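Student: Okay, here's what each chain looks like letter by letter:
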Amino acid sequence: MSLSRSPSPHPGGGWSSPGLTPGSGNSTPRGYSPSPASLAPSGISWAAAKAKSDEVRGYPSFSTRNSGFFSRQKHRISARLPSFRGQQPGYVDKDHHGRAHHRAHGRGPFGIQLRRGRSRFFLGLFLLWIGYLCFWSTIVHLYRRSPLGGGRKFVIILSSNVEGGVMEWKGAREWAIERNSIWNKKQYAKKWGYELEVANMLAKKRYSHEWRENWEKGDVIREAMRKYPQAEWFWWLDLHTWIMEYDTSLQSHIFNHLDDRVYRDINEYNPLNITHPLPEFYLDDLGRALEGDEDPDSLNMLLTQDCTGFNLGSFFLRRSVWTDRLLDSWWDPVMYEQMHMIWEHKEQDAFEYIYQSQPWVRSSVGFLPQRSINSFPPGACGVENNPRVHYQEKDRDMVVNMAGCMFGRDCWTEIHDFRELSDKLNRGLWAQLLDSWRGSYKSAAHADSEVGQ
Amino acid sequence: MHFALPPRRSPHPLPGARSSRLPLHRRKQLKTIALIAFAVLSILYLLSHFYSWSSTIKAPAATAGVVIVTLLDHERFSESYISKVVANREDYAKRHGYTNFFASVSDYEEAFGDSPRSWAKVPAVRHAMALNPTSKYFFHLSPHALIMNPAQSLKSHLLDRSRLESVILKDVPVVPPDSIIRTFSHQKEKDVDLILTQDVEDLNPGSFILKNGDFARYFLDLWFDPLFRNYNFAKAETHGLDHIMQWHPTVLAHTALVPQRYLNAFSKDSTGPSPDGSYKDGDFIIRFPACEESETGDCPELEAYYKLWQKKNKSERDA
Numbered sequence: 001m002s003l004s005r006s007p008s009p010h011p012g013g014g015w016s017s018p019g020l021t022p023g024s025g026n027s028t029p030r031g032y033s034p035s036p037a038s039l040a041p042s043g044i045s046w047a048a049a050k051a052k053s054d055e056v057r058g059y060p061s062f063s064t065r066n067s068g069f070f071s072r073q074k075h076r077i078s079a080r081l082p083s084f085r086g087q088q089p090g091y092v093d094k095d096h097h098g099r100a101h102h103r104a105h106g107r108g109p110f111g112i113q114l115r116r117g118r119s120r121f122f123l124g125l126f127l128l129w130i131g132y133l134c135f136w137s138t139i140v141h142l143y144r145r146s147p148l149g150g151g152r153k154f155v156i157i158l159s160s161n162v163e164g165g166v167m168e169w170k171g172a173r174e175w176a177i178e179r180n181s182i183w184n185k186k187q188y189a190k191k192w193g194y195e196l197e198v199a200n201m202l203a204k205k206r207y208s209h210e211w212r213e214n215w216e217k218g219d220v221i222r223e224a225m226r227k228y229p230q231a232e233w234f235w236w237l238d239l240h241t242w243i244m245e246y247d248t249s250l251q252s253h254i255f256n257h258l259d260d261r262v263y264r265d266i267n268e269y270n271p272l273n274i275t276h277p278l279p280e281f282y283l284d285d286l287g288r289a290l291e292g293d294e295d296p297d298s299l300n301m302l303l304t305q306d307c308t309g310f311n312l313g314s315f316f317l318r319r320s321v322w323t324d325r326l327l328d329s330w331w332d333p334v335m336y337e338q339m340h341m342i343w344e345h346k347e348q349d350a351f352e353y354i355y356q357s358q359p360w361v362r363s364s365v366g367f368l369p370q371r372s373i374n375s376f377p378p379g380a381c382g383v384e385n386n387p388r389v390h391y392q393e394k395d396r397d398m399v400v401n402m403a404g405c406m407f408g409r410d411c412w413t414e415i416h417d418f419r420e421l422s423d424k425l426n427r428g429l430w431a432q433l434l435d436s437w438r439g440s441y442k443s444a445a446h447a448d449s450e451v452g453q
Numbered sequence: 454m455h456f457a458l459p460p461r462r463s464p465h466p467l468p469g470a471r472s473s474r475l476p477l478h479r480r481k482q483l484k485t486i487a488l489i490a491f492a493v494l495s496i497l498y499l500l501s502h503f504y505s506w507s508s509t510i511k512a513p514a515a516t517a518g519v520v521i522v523t524l525l526d527h528e529r530f531s532e533s534y535i536s537k538v539v540a541n542r543e544d545y546a547k548r549h550g551y552t553n554f555f556a557s558v559s560d561y562e563e564a565f566g567d568s569p570r571s572w573a574k575v576p577a578v579r580h581a582m583a584l585n586p587t588s589k590y591f592f593h594l595s596p597h598a599l600i601m602n603p604a605q606s607l608k609s610h611l612l613d614r615s616r617l618e619s620v621i622l623k624d625v626p627v628v629p630p631d632s633i634i635r636t637f638s639h640q641k642e643k644d645v646d647l648i649l650t651q652d653v654e655d656l657n658p659g660s661f662i663l664k665n666g667d668f669a670r671y672f673l674d675l676w677f678d679p680l681f682r683n684y685n686f687a688k689a690e691t692h693g694l695d696h697i698m699q700w701h702p703t704v705l706a707h708t709a710l711v712p713q714r715y716l717n718a719f720s721k722d723s724t725g726p727s728p729d730g731s732y733k734d735g736d737f738i739i740r741f742p743a744c745e746e747s748e749t750g751d752c753p754e755l756e757a758y759y760k761l762w763q764k765k766n767k768s769e770r771d772a
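Same order as they appear, the protein sequences are chains A and B. Position one of the first sequence corresponds to residue 1 (the working numbering), numbered consecutively onward. Position one of the second sequence corresponds to residue 454 (the working numbering), numbered consecutively onward.
Chain A with its partners taken away, still in its complex shape (with noise of 0.2 Å):
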């Protein structure tokens, strides 16, 4: 035979020829197939076909010694070595003959490996598309509800079960409604991994007349705070509000623009005509600064204004030493005595009356605009249609409190209503091109029985 093996490697690390002796199959180095046309003339067919058998190995198997992955390994290794440290300029040479050389060749292993590739790869494909359908809302959740996603930093306290039926009758309506807010509230909080907490605000002797009468607000917050550690904003909704948009994200809405959504000088709109800034000459510049420091980091309480001042019926609070303050002083015994008759909203009037008379309270209370995270329906507000006050349509509104509606007006009617409306604006792509093209025959059926008649 010609050659009966590859040659030895020279004592600096490089070969004294390339691989491209037509040799016998032991030759073969690794991941590379002997074409026929490289196989000796000889023939030693049984090796090229036991190479052949063993691409997948890439090794000829008759080498038994070196069967072993490590030895193998070892070997290569150890025949390398000197190369890395020698940097002989003729290994490099040979490096790139080698790879030169398999590119004649054109259809080696790569080809077989190639096509396995490609399979391998649509079959990988399919697999994260099955993936993506099974689980991708999952990972969604899960970011949502990780530090990054940030979900868990917000909870909303939705009271509920207002006086549990303790000074009227709780009937179907009532109980109809709330089980649709929770509900809504759920799903709400659910797609964007919020917390929710639905607080009971069953009627308690200590919160009965004379003794804090309806002032559960705070102490309710404040459990909530102990309760979610990790939350820092915490958002009230009364039982008779509607979210509208469930793909709007409170930090897209709202905490991702704080500096612009949000304004601290009350004449922008002044129902109450408060004064503000405060005159007083005895304060400091930020007693009597007109946006307060102008740091969206200190706004520790956002709500809205309706027409007749503060509402504190869908309002944040931030987890802050500011907050503990407010909620401690909100109330107050020597306040309470001289004003409960007069505070006929309890907390919401407390805390319009705190706003005016202590200085320190305003640089940190933010107002948004109220259709923000308030609209009003018609009724509330008066009835014809105001675009600062009452829920748009056109503008996709993303919460609407029914201030009010247990005063002359029909709360479920009205809660149903904006359920309606909410799930036909947000119903899927396909229920709209039903639904168009339903539109569309019907309006066609009528003209047809019109030119009929």
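Be a bit skeptical, because a hint or two may be false.
Heads up, simulated DSBU-like pairs for lysine-lysine below, C-alpha to C-alpha not over 35 Å straight-line [claimed, not checked]:
hint	chain 1	residue 1	chain 2	residue 2
1	B	K688	A	K346
2	A	K153	B	K688
3	A	K227	B	K664
4	A	K153	B	K643
Cβ-Cβ distance ranges computed for the label pairs, FRET-style [claimed, not checked]:
hint	chain 1	residue 1	chain 2	residue 2	range
5	B	E654	A	R222	29 to 37 Å
6	B	A490	A	R120	14 to 22 Å
7	B	A490	A	R388	42 to 50 Å
To be clear, the hints were calculated from the coordinates, so they are not data collected in a lab. Treat the numbers as computed from the prediction; the structure is a model and nothing was measured. By construction, the Cβ of each residue, glycine as well, lies at the ideal position given by its N, Cα and C atoms.
We have chain A already, so just place chain B on it with the hints.
Tutor: Okay, now just chain B, sitting in the frame of chain A:
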């Protein structure tokens, strides 16, 4: 044929092995790309940092300095009486580099309205804070008091951490003698924003030290609330203070009560000091509560101690 030795080394690089060789030049590219990205990111970070820094107006951080707030009532007291009090404060401020803020009750008449005149101390302290935003401590001292041990600095006397923590009254009734609300038993210096004393039946606002900051604003504004001022507390702002301390834990948690003689020792003849609250030689301050009620515009009781203080000062200067 013999296969004496196994093949040593493949001349063709492995698909897997290539990865270690191929990126030799790429690795350099990657390195430069990474470096550039890092540089750009850090510059962006710095820029954003600077931008946010310069765009917000924050109250300057109070670092050091003490302002002594003395509220003078020129309508009720003679100028000679007032000048003695002023001289006493000015001497003390000069010794330790403190600032004096002499306020006049009449300036705040509009603020406290129909409420008793003693409420004026609250806006006066707020005013001092507005005028000295970089000062750290505001020491309100009644005009009917003299600093008898002027060598003592406030820092070594009370404000020093270990000193303060050793004298705080822990787990005592907030309002003596038997309020069910008691001071915290684990009060630390870093939580203290207000240092205060009690007399025999109330918290005594005649002499207190308030640390500049959000708490001070909150505390003073809450205290000065119109609904407290109009409530007809028998002792006006003193009872208002008692009330706030017992009902609002966010205030109490930042308050340190210290024994009366550290800040507010009553003169021998006055009524109502706490047990061991009467002045003894060497005490920091002497208060003359009776002088507040003086009808003549002068107060002989203070006069006597003023002379004592003068003599002591003189002998110190001579020595």
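Student: So, for every hint listed, does it hold in this structure?
Tutor: Verification of the supplied hints:
For the hint pairing K688/B with K346/A, the CA-to-CA distance comes to about 29 Å; that is within 35 Å, so the pair holds. A hinted pair counts as satisfied when its Cα atoms are at most 35 Å apart, and K153/A with K688/B does not qualify at roughly 46 Å. In summary, the hint linking K227/A to K664/B is supported, as the alpha carbons are separated by about 32 Å, within the 35 Å threshold. Between K153/A and K643/B the CA atoms are separated by roughly 28 Å; this keeps the pair inside 35 Å, and the hint holds.
Taking the beta carbon of each, E654/B and R222/A are about 32 Å apart, inside 29 to 37 Å as hinted. Between A490/B and R120/A the beta carbons are some 32 Å apart, a value that contradicts the proposed interval 14 to 22 Å. Checking the proposed 42 to 50 Å range against A490/B and R388/A shows it holds: the Cβ atoms sit about 47 Å from each other.
Checked against the numbered hints above, the structure breaks hints 2 and 6 and satisfies the rest.
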